[in-house]
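Asks: Use these hints to put chain B onto chain A, whose structure you have.
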Amino acid sequence: MNSEVLRAVVDCLIPADDFPGAYEAGVCDYLERLLQTDLAHQAEFFRAGIEAIEAEALGRFDKPFAYLSASEQSSMLAAIESGAVETSWPIPPACFFEMLVNTTIEGYYSEPQQGGNRGAISWVMTGFEEQLDS
Amino acid sequence: MNHYDAIIIGTGAAGGIVACVLSEAGKHVLLLERGSCLSFADVGRDHLRNQRLAIYGHNAGPDVNGNPRVFVDPQGRSRIVKPYELDYHNNAACVGGGTRVYGAQAWRFHPDDFRMATKYGVPEGSSLADWPISYETLEPFYERAEWELGAAGNGDSIQHQIPRKRNYPLPPVGPSPQTVALQNAARQLGWVTTPVPLFINTEPYGGRAACIKCKYCVGFACPTDAKNGSQNTVIQRALATGTCELKTSAVVETIDTDERGNVSGVSYFENNGGKPQRQTARAKMVIVSGGAIESARLLLNSRSALHPAGLGNEHDQVGRNLQGHLYPRAYGISPTKIFDGVGPGVTIATTQFNHNNPGIIGGGMLADDFIKPPIDFWYDSLPPDLPRWGIENKRFMRENYTRVMHVRGPVQDIPSPEGRVTVDATVRDQWGIPVARLSGTTHRATVEAAEFLRQRGEEWMRVSGCDKVWSAQPGLILSGRQHQAGTCRMGSDPKSSVTDEWGRVHQHNNLFVVDGSLHVTNGGFNPVLTIMALAFRGAEFIARAI
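Going line by line, the protein sequences match chains A and B. 1 is the number of the first residue of the first sequence in this note's numbering; add one for each residue after it. 1 is the number of the first residue of the second sequence in this note's numbering; add one for each residue after it.
Derived by calculation from the structure, the hints in this document are not laboratory data. The reader is advised that the hints may include incorrect statements.
[Said to hold, decoys possible] Simulated coverage check for chain B against chain A, where a stretch passes if three residues somewhere in it have a Cβ under 8 Å from a Cβ of chain A:
{"hint": "1", "stretch": "370-383"}
{"hint": "2", "stretch": "398-407"}
[To be verified] Derived, one-sided and incomplete: chain B residues facing chain A with beta-carbon distance under 8 Å:
{"hint": "3", "residue": "Arg45"}
{"hint": "4", "residue": "His47"}
{"hint": "5", "residue": "Leu48"}
{"hint": "6", "residue": "Ile55"}
{"hint": "7", "residue": "Tyr56"}
{"hint": "8", "residue": "Pro335"}
{"hint": "9", "residue": "Phe339"}
{"hint": "10", "residue": "Arg388"}
{"hint": "11", "residue": "Trp389"}
{"hint": "12", "residue": "Gly390"}
{"hint": "13", "residue": "Ile391"}
{"hint": "14", "residue": "Lys394"}
By construction, the Cβ of each residue, glycine as well, lies at the ideal position given by its N, Cα and C atoms.
One chain only, chain B, in its complex shape:
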């Protein structure tokens, strides 16, 4: 059979949910994944080749060879980049997508994140805009994602900022030694704190075991399957219906249209160990859930006589407003040992500075960090005045690996239409498909917010009693990577957006984008829970429409 009710492209945070909702509604679904299904052993524990520190390779796809992108730096110089390089802006390519190896922070966006233009005005040169829906509209779907995948947290701590109707299904992760110091300091400073919400089984949930508190969350797979991603929750439910067909190593080349320009299905390459074969499949609905870079690339590559600029791109909006997060970071040496080897390591955050910061547009959350392997610590966390080698460097590693406190946070990007995904005119991947070309940055107002958050981080370290404090802030660079978003933004005006509030591409009744691409803005939080909430909401709409 090659005629389906729906074809879903991508099995990440959004695609898995759409597959689950549609197949449980009795629809016949073809779920296509360009990567493969990775076991715990496949992902491995290589400290130099993982999604968090990828020096010579990575561990969750795409393959290092045959999948290039082109990156254009702020000076306009372009170069071909491999999937593990920073400028590739990779997210994982495997069943589960980024959720296979993510840290699993399960944050809701703040109500003001949905009305940024109204709250702050639009700075010149930015494409800052309100979402077409409010927090209140999305709230029930946040709850649904938290309960159906399994989130752990404290529902009361920031109720006054981000109201919720129902608590988390699981209690939050427990405190670590640094938690107490950070909590006491925040109290002195008058800052609100909360345990960090996580898609981690702090108790057995969903038929799977509890977290064993190992040191390998972000960048790796969970040894007890206690980290809840698409691959072990919603995709399993989809497959259990018997009406969802999952194909891996299936790389979509184009979304196809008929002679009248209506979407009819997809053409894709399927690689079953031998020579890749081109296949076609037809469906009533096509849902693109490839992540902000690959979803935009696919729409742009789906050109025809009636859609010469690609699908949904009549007004040159597809691929614009690429955003993710800048991460300011602050460190300090604690007078006492704060490392206890108990994972995941991230325990406490302040949401004091997500909004209402004087002279700043937006802001962000600050939290302590996941346990860092020593080599990751060496690259990330050393003071800038420390020699990079020699006995002094070794002594610092020896004395302070267990004493360096660290907070970091995602700062809300202020989008620019110049931060964007296009398709390269000449570079192609191993299947001959034009690759993504990444260029531009977000708006400079983002850096003002990042600098403000860097200073708050330093303040938090000092008041926590740290002897020596240092910090870093990345400057104005293209952000994207695991938090990539914004390239097919939702909106009511087809001239300034790609889809309507359901993810339906303007002028195409049966073509949807459902993933981080839809985010008009990306909040000052890890975006995955918002991607999931939008996916539940969009999927219910699609199920009704089929």
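One chain only, chain A, in its complex shape:
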């Protein structure tokens, strides 16, 4: 699940600024664990969606998703969110995208033990905690 495309996708959903983006915070690790446990029954659906994003990027730009510019990535994901895809998807794009956003956000903002909020970084960023948890 730690594929190049997934890394780029989660970093587009939660980009780095002064604070880490989703990948650096551990969201791909979080997703990997979630798809082996609570969402094991949807792992294939999720994998198909990530592959479809890559196919959509190749279809639109003739380039892998990770090699698109930030604005190309964002506008393509926005199109997927609204269901306006240009390639043939094996699963409903908007439905997949909602799951992708929710799970990425859950990893980043929930407690560090879940894996996607390393060093409680999002808690420090929001102000929920003032100091880094050890």
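Replies: Showing chain B alone in chain A's frame:
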């Protein structure tokens, strides 16, 4: 021994009190709990699996597997739901019930909440009715619950609306930064405010420590045991008598009747780590305190030749009038930081709009909220025009998590007989017991009140100085969940109620319901203190009757 003075089913807000009162009166009590006794560590601090935000599971029972319900949506489509799904309308299943993980707001109902039909008339299609007892009748029992469990509040602030004879035993929680802004705005608007009463030890009380002001009240357990629920107050007292026997992982299948139709005891499954074993126990009295959904389910499942529709259901009333609360919500971005990380977070409320709102039946209270973990904030509190992802979303979380002010409030449900619990014809739980089937909604007048409260919430945010204000209101949906009530309502007429004013099921001298099921209406407040007051009153009656 399997013959008791009383068998109590459920250890939540009501069952614990009944066990305490009966056992302290010297009665032999069997207290049955379907869940288990959960430690602080058992409840944990999982931000995605708790009673407030339950995305992949929850933390206070029932077990995710083997305990389904059936939910029927307004279009009539039914589906099987798991305990952590919203449409399950879960309350916790563990020793202490919902009080193990509740936020612990300790509100009395308003005197007019007991006479809704008289005050407003009965809208067509609703089952709005007066309670068989008044506020004045319940007042001493409110006081008793506040003092015996330990409530913190200011007894003077709304004395003119909800009169009390005695102050709270504990001082209220202190103000937070938003409290001042909300209080000043309410003063400008001419609205009454009060500190939010809570079952939280603001000082050491009842032999337990004071609150350490952490960020984890609602949905979680308290690290210093300073949140007062059934499990650390009345149940401890019951067990200390030596005459109360508590059995956990004990799931009641039926209330049993003898050949003449009289209640004789219960049949239940006990799971001691191995294969569940069916047990029977006999008692002079049976008290059902399983919460509004499970209590109704149990009565409906207790069928026999003499009671073919279940116990207490001769007039098809058991399970009807299911209600809880709709929660309109308003948010605004404060010009200054209002988050200080000091729990519980809920500090101030207005009771200005619980009644006497033009053109509205009832109304509700509005209060600020418990501290929300960031993921809860993301799901609950973002403006509808904010992108759900990308740098703009991250920036909003970064800049505004500590600045978003929030008020919300429980709106008094106007009950409908169509909002109801039945038992499903085919779906069964892991013990083979037919499960609860939930359908219908409350009456549409509820939504008119919710919309009115949503607008007042926005007004409060604006006058508090917020730059950007937004709000949400859930529309007409089945409410229930942690505030579930109404399914075995009290009354004097057996054709339109299930029990008398003591919780005694009509036509059964030794069968009682004592929990939120009894509420004829559910007030515009968190209902737990009223559940407790009714439990003290009912339990004293039962103790005398044994």
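Asks: Which of the stated hints cannot be reconciled with the structure, identified by number in ascending sequence?
Replies: Per hint list: single violation, 8.
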